[in-house]
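**Q** So you can see what is in the structure, the chains are spelled out below.
2 protein chains.
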Amino acid sequence: MRITGTSLLGTYRTELFDNVIPFWERHGIDREYGGYFTCLDRYGVPFSTDKYMWLQGRAVWMFARLHNEVARDRGWLDLAQQGLDFIRRFGRAPDGRAYFSLTREGLPIHIQRKIYGEVFFVMALTEMARATGSAQYLDEARELFWLVYDLWQEPARLGRPVLPGTFRGTALADPMVFLCMIEELSRLDADRRYEAVTDRMVDLSLRHVRPDRRLVLENVGLAGEFVDTPQGRLMNPGHALEMAWFLLHLARRAGRDDLVPRALEIVDWSMELGWDREFGGLYYFLDCNGQPPMQLEWNMKLWWPMCEALYATLLAWDVSGESRYLQMHETVRDWAFRHLRDPEAPEWFGYLDRRGEPTHLLKGGAWKGFFHMPRALLYCVQLLERRATRE
Amino acid sequence: MRITGTSLLGTYRTELFDNVIPFWERHGIDREYGGYFTCLDRYGVPFSTDKYMWLQGRAVWMFARLHNEVARDRGWLDLAQQGLDFIRRFGRAPDGRAYFSLTREGLPIHIQRKIYGEVFFVMALTEMARATGSAQYLDEARELFWLVYDLWQEPARLGRPVLPGTFRGTALADPMVFLCMIEELSRLDADRRYEAVTDRMVDLSLRHVRPDRRLVLENVGLAGEFVDTPQGRLMNPGHALEMAWFLLHLARRAGRDDLVPRALEIVDWSMELGWDREFGGLYYFLDCNGQPPMQLEWNMKLWWPMCEALYATLLAWDVSGESRYLQMHETVRDWAFRHLRDPEAPEWFGYLDRRGEPTHLLKGGAWKGFFHMPRALLYCVQLLERRATRE
Chain V
1 MRITGTSLLG TYRTELFDNV IPFWERHGID REYGGYFTCL DRYGVPFSTD
51 KYMWLQGRAV WMFARLHNEV ARDRGWLDLA QQGLDFIRRF GRAPDGRAYF
101 SLTREGLPIH IQRKIYGEVF FVMALTEMAR ATGSAQYLDE ARELFWLVYD
151 LWQEPARLGR PVLPGTFRGT ALADPMVFLC MIEELSRLDA DRRYEAVTDR
201 MVDLSLRHVR PDRRLVLENV GLAGEFVDTP QGRLMNPGHA LEMAWFLLHL
251 ARRAGRDDLV PRALEIVDWS MELGWDREFG GLYYFLDCNG QPPMQLEWNM
301 KLWWPMCEAL YATLLAWDVS GESRYLQMHE TVRDWAFRHL RDPEAPEWFG
351 YLDRRGEPTH LLKGGAWKGF FHMPRALLYC VQLLERRATR E
Chain B
1 MRITGTSLLG TYRTELFDNV IPFWERHGID REYGGYFTCL DRYGVPFSTD
51 KYMWLQGRAV WMFARLHNEV ARDRGWLDLA QQGLDFIRRF GRAPDGRAYF
101 SLTREGLPIH IQRKIYGEVF FVMALTEMAR ATGSAQYLDE ARELFWLVYD
151 LWQEPARLGR PVLPGTFRGT ALADPMVFLC MIEELSRLDA DRRYEAVTDR
201 MVDLSLRHVR PDRRLVLENV GLAGEFVDTP QGRLMNPGHA LEMAWFLLHL
251 ARRAGRDDLV PRALEIVDWS MELGWDREFG GLYYFLDCNG QPPMQLEWNM
301 KLWWPMCEAL YATLLAWDVS GESRYLQMHE TVRDWAFRHL RDPEAPEWFG
351 YLDRRGEPTH LLKGGAWKGF FHMPRALLYC VQLLERRATR E
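Sequence order for the protein chains is V and B. In terms of our numbering, the first sequence opens at residue 1 and continues consecutively. In terms of our numbering, the second sequence opens at residue 1 and continues consecutively.
Hints were generated in silico from the structure; no laboratory data involved. Check before you lean on any hint, since a few could be wrong.
Since the list gives no way to pick one copy over another, a pair counts as held whenever it fits inside one copy or between any two copies.
Subject to a maximum C-alpha distance of 25 Å in a straight line, what follows is the list of computed SDA-like cross-link-like pairs (lysine to any residue) [stated by the list, open to error]: (1) K114 with P164; (2) K114 with L296; (3) K114 with F86; (4) K114 with A156; (5) K114 with L204.
All chains should be built: construct the whole structure from the sequences, respecting the hints.
**A** Structural data, given as structure tokens:
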């Protein structure tokens, strides 16, 4: 049965407000030490109390976003504030970098040689600056953004050894996180330098898109060239779909109409190559030449690529008016709701095998927190509400 | 049908000498630059030419071991020598540490903040010292062994940040690799210090064995205590089975009869908890309290735990005379030969899903090379030959 726009909206609202948000409000808040529990079993009981900084920052952003854009009387600002207080108090090393993980009490466990801990810290600060009007948070967000930019340009400062044979190209994640941070920051901060960084990052992102092969690569060489190694052949369809909607947001925000057809192509190709025709769902990783991917988990079906696909296809339909994107959306929604939803308890599973059966009964972990699901659902709800208003 | 000792010996000889060794001789040697290709597809074609140092060192060891213990006229010494020449020329950083990976030509790609690149370098040097009588190789092995020992005692020298919340217990892998290196080195080098290190490592290993719970933990606290975190609850049954036969070798070598019952328990418990009663095969990882393991691949069936189980169960039977270990061996052999062997091409698959179907059609990769399979088969062949001679 085809679900119409209105009943889709109802479905997503119910899923977001009656299922996902209450699960995290009930089980995800550490009311003793602050911050969030994310390693939660099927019923919401923590199986680890460690605090992973990507997910701490993302949860702050998500609760603050709900406060800013949905309702100011649901207590979401407090839930965001206590998380921000925790990461501002414990989350940064003496040199200003963000840790990767903390104990429940806030002692640092690990720091990555990557920039992403910092990225989600910037997101948290920015959305909280928007929620509270705090100039202090915005200053910190800005300062950390430029630190991330510097670290990205000089990876040796992250402690990553750059040896003569080390791959020196770009990873798709990097331009994407800059576009993502700027989407948030530029709303509050009129610094013209964001435009130059945006242009650079769009340029870098598009190097990963290969119209000749109708696909998107995770890693390309320094000059944007294809590199015939497992790393150079790697594709991550869910990641490409996330990039597609980042580009569509940018197109709308900055009047970059030229980006629309590029983004739509990415949706087409990612669904074409990434969708498992036998068992359904999006593969996690693929090798563009059909070689064996190095990742053991390559054929697993994860919640987050499905979340990115959910929103990217709906937005592609909204922007283009082409019904095939709505059909793709239906396919994604149908598979996701049949396989990722847990009939016995709230929140979705995170990890399924190729056939779509859960390999883990957890609802959150070191990588799955209060972020991809509620973000995708919120964005779908907001899109459908805008359309309903226009109609 | 029950396979008898004699036909088992025939089976393993065929598998080792007609299947596995020829595959690596034919496809695994880089005759242009030296060293080994390990990223090989189903039919032996390289899908990456990068050289992973764990596997380079292991392949040197394996070819040299075949030369030393099986036949001196099969060209195996040359195949080992060209690998050792490659890693001696390109494999070590200016500070003496071993790299993790090199390009085909020998340029360093990556260095890990772990000691295992060095460990397999020591193994390679030692077995080649034995093969050639080279005092130079033995000196290098010895020097590198003590470097590894120092690095293990001062992990900060590896560049791993030790932060206030960082887990400070022991990982089972660490005492195991020291026992493994000493098993080789002590054959050639009468340094009494190995005995003290052995005692220390046996003591550390046995802290991971928990008779109260009938299981073996991968990580325990500094005082050997159970740590109730995902890391502390982690089990890796294949790894525990590998430790069991290390301990049985040590018991035999050093007259440590007290270790025999400890090792046999480990075999029992690992097969009891690690074997998948629904689909067969050994799980890769488990949480000892049944919580969701953090590893996405936890329920996959890998070739190497099956290889460790193959030899550990056979050796347990040989040492104890108890028929239940031969039954376990039968179960392991039957499942391994049915699922890991490729009916279409030589060498075994490396990675199966929980049901035992291949997720990757590769025969080698960044972690699978010329090591676990031929080592397990050689050890089984040698054991069965010794028994046949005695009978």
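**Q** Now tell me if each hint is right for this structure.
**A** Do the hints match the structure? See the list:
1. Proximity of K114 and P164 under a CA criterion of 25 Å is satisfied in both settings, with 20 Å inside one chain copy and 20 Å between copies.
2. Proximity of K114 and L296 under a CA criterion of 25 Å is satisfied in both settings, with 22 Å inside one chain copy and 21 Å between copies.
3. For the identical chains of this complex, K114 and F86 are intra-copy neighbours only, at 21 Å inside a copy versus 31 Å across copies, given an alpha-carbon limit of 25 Å.
4. Taking identical chains as interchangeable, the C-alpha atoms of K114 and A156 lie at most 25 Å apart whether they share a chain (11 Å) or sit on different chains (19 Å).
5. In this assembly of identical chains, the alpha carbons of K114 and L204 lie at most 25 Å apart only when taken from the same copy (18 Å versus 33 Å across copies).
No hint from the list above goes unmet by this structure.
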